[in-house]
Amino acid sequence: MQAFDLYAILPELVLLIATCLLLVVSVYVRERVISTPGVEQDIFHTPRGVGFVYFFSLILLAYLIFAFISRMGDPALVAMNGLFQSDPFSNLLKACSCIAVLVSLIYSKQYLMDRALFRPDFIVLALLALLGQFVLISGANLLTLYLGLELMALPTYALVAMRHSSEKSVEAGIKYFILGALASGFLLYGMSMLYGVTGSLDLIEIFKTVADPRVNHLVMAFGLVFIVAGLAFKLGVVPFHMWVPDVYQGAPTAVTLMIAAAPKLAAFALLFRLLVNTLLPLLGDWQPMLVLLAVLSLVVGNVTAIAQTNIKRMLAYSAIAQMGFVLLGMLSVFDDHAFSAAMFYAITYVLTTLGTFGLLMALSRKGYDCETLDGLKGLNKKHPWFAFIGLVMMFSLAGIPPTVGFAAKLGVLEALVDAEHTFLAVIAVIASLIGAFYYLRVVKVMYFDEPEHEIAVSGSGFAKGILSLNGILVLVIGIVPAGLMSLCLDAMRRTLLGS
Amino acid sequence: MILSYAIWTPIVFGLIILFYGSERSTAGVRWLTLIGAVLSFIATLPLLINFDIANSGMQFVEKVSWIPRYDINYHLGIDGISVWFIVLTAFINVIVVIAAWEVIQTKVSQYMASFMILSGLMIGVFCALDALLFYVFFEATLIPMYIIIGVWGGHNRIYAAFKFFLYTLLGSLLTLIAMLYLYNVTNTFDILAWQNARLDIVEQILLFAAFFMAFAVKVPMWPLHTWLPDVHVEAPTGGSVVLAAIMLKLGAYGFLRFSLPIAPDASQYLGPFVIFLSLVAVIYVGAVALVQKDMKKLVAYSSVAHMGFVTLGFFLFSPLGIEGGIVQMISHGFVAGAMFLSIGVLYDRMHTRQIADYGGVVHRMPAFTAFAVLMAMANCGLPATSGFVGEFMVILAAVDYDFVIGILAATALILGAAYSLWMVKRVFFGTVNNAHVEELKDLNGREYFLMAVLSICVIGMGVYPKPFTDIIHPAVINLLQHVAVSKL
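As you go down the protein sequences, you meet chains A and B in turn. Going by my numbering, the first residue of the first sequence is number 32, and it counts up by one from there. Going by my numbering, the first residue of the second sequence is number 219, and it counts up by one from there.
Calculated directly from the structure, the hints in this document are not laboratory data.
Taking lysine-lysine and the DSS-like style, the derived pairs with C-alpha atoms no more than 30 Å apart in a straight line are: (1) B:Lys281 x B:Lys705; (2) B:Lys659 x B:Lys515; (3) A:Lys412 x B:Lys325; (4) B:Lys325 x A:Lys408.
Just the calculated beta-carbon pair ranges, DEER-fashion: (5) B:Thr444 x A:Leu314: 44 to 52 Å; (6) B:Gln572 x A:Gly514: 49 to 57 Å; (7) B:Pro286 x A:His484: 44 to 52 Å.
Heads up, the beta-carbon is just placed ideally off N, CA and C, and yes, glycines get one too.
Just chain B, with the same shape it has in the complex (with noise of 0.2 Å):
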C-alpha cells in the first residue's frame, strides 16, 4: 500500500486544495499544500527504508483488476531503477512548493493544486508495472503542466504550453498503438511479461520506433529538442524545475522500462544510431549552450546536453554506462532544479533573464553567488559534486565501448565548463552593471533554505553516492540480462 499512499497522498490533497482554495485565504492555501507536500515526502520514505537491495525483482508490488475487459490491472511495483525517482519526485514537490510561497499571487490554489496532482501523477509512472496505467498516468501529467505553463508563464506562455502539449502527444499516440500491439500479441498489459514476449526483429524494431518518438520527444534527444527550450523559458520557474527535474526523467525512464527489455535485439541493432544522437546531444547542443543570451535558454540546452549523457550510458549496454545514465538523471534532477530555481530568485528581483542584464551580483548578493556558483560547478561537472559522478561513470564505459566515443563524450566536460562558467562569469562576477543590480537583495530566510537543502544534496551525493548505486546496481543487472537474451 505504500505505492498508493505515495501517489494518491499528493493528488488528494491537490484536489482539496483546488476545491477548498476558492474562497478561502491564500495563506491557508500555501500553508495546506505544505503540509501536504510534506506528508507525501513522508509517505515515500518507506519504500527507501525498507527496499531490499538484494532483491534485484519488483517490490511493494500491489495488484488490483481495473480494467477486466482489457485484463488491465491497477498493478504497482518498483525496483532499484524506479525507487530513487519516487523520492525525487516527492522532494522537488516541496523544493517547488515552497519556492512559490510569495511569488505566486494569482489563483494560488490552482497553482498549487497542479503541482500536487502532477507530482502524485509522476510517481504513478514511476510506479506503474501495467502498460496502460503507465500510460494514463504519462498522459496525464500533461493536462496540470499545460495549465501551470499557460496561466502563470511568461509572455509567450500560450505558444509554450501548446507546443508542449503537442509535441509529447505526438510521441505517446504513436507508443499508445504499439502497446495495443502488443497486447495483441501477447494478451496483457503486464509490462514484465512483456519482457518475455517473443519477437521477430521487424516488430522490435517497429515497436522500438514507437516507443522512441514517446521517449525521445520527453527526454529530449536531439532532433527532437527544439520544445525544450521555448518551454523552458515561457514556463514559471515552479514549471521550469519540475519539467528539468522530473519530467525529463519519465522519458528516460521509459527507455529503460520499454525499449530496452521489451526490443532487446532492436536496441542493440539501433543503439549505435542512438549513441550518434546522444552525442549530437551532448557536442552539438552544449556548443549551441554557449551562445544564448537568455539564461533560461542556457540551462535548458544544458539540460538537453545532459540528457544526452543518460542515453548514452544506457545504450552502452554496460552496467556502469547505464548505472552512470541513471545517477545522471538523479543529480540532474537537483542541479537543474537548483540552477532554474537560481534564475527565479533574480528574475524574481530583476524581471529579466538576459545575461546581459546582469553583472556584478555578487557584490550585491555574495551569499546567493556562493551557492550558484556550486551549482555551476555542479552542472559541469566537478569533481565531490553529484555532477561529476553520474558523467565519469557513463564517460568510463564509454571508453570501454569505443575510445573515440570516449573521447568525444568527455568533451562534454569542457564545453559545459565553458558555458556554465561563462554564464558565471557574466552574470555575477565583474562591475555591477546597472542600477537595477545595485538595489538587488540577498536572498531571504526561505531561498536560503531550499538552495542550502539542494547544495546538501549535491554535495553529499557527489561525495558518498554508494546509497545510490549500491541500490541501483542489481536492478541494471537484472535489466541487462533481459537486453542480453535474444528474442528472435
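This is chain A alone, in the form it adopts within the complex (with noise of 0.2 Å):
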C-alpha cells in the first residue's frame, strides 16, 4: 500500500478502528447505573459506559467532518487499485453525512434514553452504517459499491429491530431485511451481467466498454433493469417502495432517522455512480425507466400521504415522493448543472428530515410517541417556538419559498424544462400540490387545532439548540441557496471533469 493510498482512505480507516476500539472498550467502562424505580431494565443490555461513547463518537464525527471538508478542495484520487475514489463529490456527500449521523445521535439520545436503547451497540451500529456509507459513496469498483451498501444495510437491519420486546419493530425489521435482501439480489445480478459483457468489475473500465458498439446492448440493456430495480428499492420509489411505510412506522423513530436522512445520500451517490459515472452511454436506456419510476412516485407518494394519520407513515410516503424529486434530476443530458441540482436536493432534503424526526422525538416522552396527527395538535399554544420550526419544515417539503424545499424543486424543474421535459415539469407541480394539502394539515394541526393532550419538549437544551439551529438552516439557505449551491455545482463539475 503506498501513502497516497492511505491518504485517500484515511477517515474511513480513522472510523473503523475507532468504531471497534469503542466497542471493545465500552465492555469494560462501566458506568454509575442510576436505576429508577418503573423503568424496567434490560437484563441482557446495561447501560455500560454509553456516556463514554456517545461523547467520543460525537467527538470522532466531528474530526470526520473536518477532515472531509478540508479535503473538499482535493482533486480526485483513486486509490487501493482502482477500487476505491476520493472526488470532491464525495467528499460533499460523506461530509453531510457525517453531519446527518452526528445531529441524529443529538437529537436521538433522550428519546432512546427514555426507551432503554440508548445503548453502546446502538451507536455503534450507528456508525458501523456510517462507515457503509462512506465506503459506497467512495465505490470506484462494483464489488466496493456492492460491499458498502451491505455494510450500510446490515446495521440498519438489527437497529430496526433493537426494540426486540415491540413487535412492530420486529417485523419491520424482518420485511426491511427480506426486502433488502432481494434488493440487494437484484443489484448483484444486473452488475454480474455487466460484468459478463464487459468483462471488468471497473467503473472506468466498463465505462469505456459499454460505448463500444462490438458489446451486446441487449444483455446490457437487461442487465441495466435489474440495476434501476434494485437501485429503485434502496431509493425507496414507486413501485418497489413497500417496505418504506412499515419501517419507518415500525422502527423507533431514532432509527426511522437514521435510515430518512444519511442512507438517502449514500443512495444517491449509488445512483449517480452508476448510472451517470458507468453506464452514461446508456443513457436512452435508463432515463425512460427513471421517468417511469419518478412519477409514479410523486403520483402515488404525494396522493397515499392524504390518506395517512400516522406521521411518520406519511413521512415515509413523503420520503417517497421527494425521492421521485430527486430521480427528476437525473433526466437531463449530460450536465453538471442538472445533476449538482439533484445533488442539492437530496442534501437539504436530508436537513429538512433531521428536523422534522427531531421535532418528533423532542415531542415524545417517557412511555409516548408522538407519532399520530392528534400527538401536534396545538403545539403553537404551548410551544410557539417548535411549532415555528415545525412550520417552516413542512412548507419546505412542501416546497413554498422562502424555505430550502423550494430552492431545491427549482433546481430541478430548471434541470427538467432545459431538457424539454416541460410537460414532466408540470406533472411534478401538480403532484407537488397535492403533497402541499398534507404537510398543510399538520402545519393546521399545530397552529389551528386546540392541544388535547398534554404537550411536552423533551431533550437537553444542546439538542434543542441544534434542532432549533436546524430549523433556521432551512430557512436561511432557502433565502441564500447560492452557497451551498455553488458547493454541489463545484463539486460535481470537478468529479465529472475528473472521470
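Put the two chains together into one complex, using the hints given.
In C-alpha cells form, the structure reads like this:
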C-alpha cells in the first residue's frame, strides 16, 4: 500500500478503527447506573459505558466532518488499485452524511434513554452504517459499491429490530431485511450481467467498454433493468416502495431518522456512480425507466400520504415522493448543472428530514411516542418556537418559498425545463400541489387546533439548540441558497471533469 | 435603498414582534407593532416625494446578485404603475394594526407579526424586477395569510385556509414553469429583458395561459373566483381588509408586469376572451352579490365585480382603460378595506354578519352610519368618490372600444348601486329590528379615526385624482408601447 492510498482512505480507516475500539472499550468502562423505579432494565444490555461511547463518537464525527470539509478542494484520487475513489463529490456527500449522523445522534439521545435503547451497540451500529455509506459513496468498483451497500444495510436491519420487545419493530426489521436482501440480489444480478458483457468490475473500464458498439446491447440493457430495480428499492421509489412506510412506522423514531436521513445521500451517490459515472452511454435506456419511476413515485407517494394519520407513515410516503423528485433531476442530458440540482435536492431534503424527525423525537417522552397527527395538536399554544420550526419544515417539504425546499425544487424543475421535459415539470408541480395538502394539514394541526393532550418538549438544551439551528438553517439556506448550490455545482463539475 | 427599507422594515419588525412577544405584555406588543407599521409607512413616503414623473422607466433601482447559478438577482425598481401600491400596502397595514387593537386577544404577537411580515412581502411583490424574486414574494405571502385565516378566522376557518392556499398555489406553480421556460429561452430572470424576448404565437399563448392561471385566481376572475367569498367570510376583519385591499391587486399587477408586455400578441389575441370573462364578473357576479344574505359575502362578490372592471380596463389596450383599471385598483383598496372594517365594527358588537339580524342601526350608531353610507356610495361609484373615477375611465374606454361592451360595463353601476344601497337600507335604515341592535354603541375613538382617515382618502381621491393619474400615465404609455410591438 502506498502512502497515497493511505491518505485517500484515512478517514474511513479512522472511523473503522475507532468504532472497533469503542465497541471493545465500552465493555470495560463501567458507569454508575442510576436505576429509576418503574423503568424495567434490559437485563441483556445494561447500559455500560454508553456516555463514554456517545461522547467519543460525537468527537469522532466532528473530526470526520472537519476532515472531509478540509479535503473538499482536493482533486479526484483513485486508490487501492482502482477500488476506491475520493473525489470532491464524495467528500461533500460524506461530510453531509457525517453531519446527518451526528445530528441524528444528538436528537436521539433523550429519546433512546427514555426507552432503554441508549446503549453502546446502538451507537456502534450507527457508526458502522456510516462506514458503509462512506465505502458506498467512494466506490470505484462494482464490488466496492456492493460491499458498501451491504455494510450500510446490515447494521440498519439490526437497528430497526432493536426494540425487540415491540412486535412492530421486529416485523419492520424482518421486512426490511428480506426486501433489502432481495434488492441487493437484484443489484448483484444486474452487476453480474454487466461484468459478463464488459469483462470488468471497474467503473471506468465499464464506462469505456459500454460505449463500444461490439458489446451486446441487449444483455446490457437487461442488466440495466436489474440495476435500476435494485437502485429503486434502495431509494424507495414506486413500485419498489413497499418497505418504506412499514419500516418508517415500525422502527423507533431514532432509527427511522437513521434510515431516512444519511442513507438517502448514499443511495443518491450509488445512483450517480452507477448510472452517470458508469452507464452514461446507456442514457437512452435508463432515462425512460427513471421517468416512469419518478412519475409513479410523485403521484403514488403524494396521493397516498393524504390518507395517513400516522406522521411517520405520512413522512414515509412523502419521502417516496421526494425521491421521485431526485430522480427527475437525473433526467437531463449529460449536464453538471442538472446533476448538481439533484444533489442539492438530496442534501437539503436530508436537512429537512433531520429537523422533522428531530421535532417528533423532542415531542416524545417516556412512555409516549409522538407519531400521530393528534400528538401535534395545539403545539403553537404551548411551544410557539417549536411549532414555528415544524412550520418551516413542512413548508420546506412542500416547496414553498422562502424555505430551502423551494430552492431545491426550483433547481430540479429548471433542469427539467432545460432538458425539454416541460410536461414532466408540469406533472411534478401538480404532484407537489397534491403534496402541499398533507403538509398543510400538519401545520393546521399545530396551529389551528386546540391542544388535547399534554405537550412537552423533551431533550437537553443542546439538542434543542441544534434543532433550532436546523430550523433556522432551512430558512436561511432557503433565502440565500447560492453558497450551498455553488458548492454542489463545483463538486459535481470537478468530479465529472475528472472522470 | 429606499425600496429595501420599504420591504424589510415591516419584516424585521414582524420578526422582532414574533420572538419578543410571547412573554411580554400584549400592550407592549401592540404599541411596538404600531410604531413599526407607522415607520414602515413613513419609509415608503420618499418614494412618492422623490418620484420623477417625467421618467417612464424604472426608478429607485437596486440590483445585487442573489443566486448567481441561475443569474437570479435581488433586483428592485418601481415605475408609475407600482409606486402607489407600495404606499397603499404600507398604509393599509397601519389601518389593520389599529383595527386589531382590542379586537384580537389571543396570540396577539403572532397576529401582529403575521400582518407586518405579510405587508413587507406584498411590497416586495410590487418592487421585484426579477421574476424569481417576484415569485418568492408572491408565494411567501401565502404562509402568513394561511396562518391568519386559520388561527383567527371564523367557524369554518380551516376549510377556508386550505381552499385559499391550495387554490392560489395551483396557479402560481404553473407560473413557475412558465418562468423557467422563459429563463430557458432568454437565460435570465430579468422581467425587463423578458419584455423584449422574441416568442412565437404558440409559445406566447401557452405562457399567457400559465400566467393567467396564477393571476386570474388571485384577482379573482370569474370562474376562478369561488375561493374568495368562502375565504372572506371566515377570515378575521384584518385578513379580509388586507385580502381585498392589497392581495387581489397582486394578481392584477401581475397582468401588467408579465402577461401584457411579455406575451403581447397572445394578449391581443385572447383579449376578447378576457373581456368576456370580465363582463361576466361585472354583470353575473354583481347579480349574485344582490342575493347574498351575509354581508361579508356580499362585499366579497362585489370585490369580484369591481376587479372585473380592472381586468376589463386592462384588456381594452387603451391608456384610458389601463389607467382606469389602476385607479380602480387603488380606489377599491380604500373602499373595500373600509367596507370590511365597517362589517368588522358591526360584527365585534353583534357577532353576526347576517343582514337579516340588523335593521335600524342608524338610530343607535349615527356617526358610524354616516361613514358606512359614504363607503357604500363609493362602492357603487358615486361621483366625487374614488369609486367613480376608475369606473368612469374604464367605461369611457369601453365605449371607445365597442359600444355594446361599454353599455354592458355601465350596467355594473346600476347593479353596484342596487346591492350596495339595498344592503344599506336593510342594515342601517328602518326601525330598530331587535334587542341586540337596541344595545349597540356608536364608534369609539379608534374606530372613528380609522373610518375618518379612509373617508378622507376616498373623497380626496374622488375629487382630485390628478396626483394618481399623473404618476400612472407615463408608465402606462410605456407599457402600451411594449404591447403594441409584435414579438412575432
